[in-house]
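Participant: The sequence shown runs 697 to 793 under our numbering.
The hints are simulated quantities; they were obtained by calculation from the structure and are not laboratory data. Quick reminder that beta carbons are idealized off the backbone N, C-alpha and C, glycines included. Incorrect hints may have been included.
The following label-pair restraints were derived from C-beta to C-beta distances [said to hold, decoys possible]:
(1) H705 x S783: 27 to 35 Å
(2) A757 x V789: 17 to 25 Å
(3) R750 x E711: 16 to 24 Å
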Amino acid sequence: MSTLHVLSHSPFGDERLSSCLRLLGSADALLLCGDAAYALQPGTAPFAALQARRARPYVLAEDAQARGLAVPDWAEAIDYPAFVELSVRHDKVNTWL
Numbered sequence: 697m698s699t700l701h702v703l704s705h706s707p708f709g710d711e712r713l714s715s716c717l718r719l720l721g722s723a724d725a726l727l728l729c730g731d732a733a734y735a736l737q738p739g740t741a742p743f744a745a746l747q748a749r750r751a752r753p754y755v756l757a758e759d760a761q762a763r764g765l766a767v768p769d770w771a772e773a774i775d776y777p778a779f780v781e782l783s784v785r786h787d788k789v790n791t792w793l
């Protein structure tokens, strides 16, 4: 069973990202939206954690753009229709509130 994990909170305020990365299975996907896009800020601990995990995170393109973040080549920027497709493709969607 695969899960789409959706994070929307800043990775600098709590441990949601770290907890999610510990639970992320090989068939799971991770979507960064809202302030969670800040995890793609180079030189930060969240950026290093994502790189070390070798997870290919998705990020909502408009959220990365709104925050002035470049999307690294190991992540994939998507739009809302692609977000819907990801949701349908996975058995469950877990939003980390």
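Participant: Each hint should be assessed against the structure and marked as holding or not.
Facilitator: Cross-check of the supplied hints:
1. H705 x S783: 27 to 35 Å: With Cβ atoms ~19 Å apart, the hint is violated.
2. A757 x V789: 17 to 25 Å: Roughly 19 Å apart at Cβ, these two residues keep to the hinted range, so it holds.
3. R750 x E711: 16 to 24 Å: holds, 20 Å
The structure shown violates just one earlier hint, number 1.
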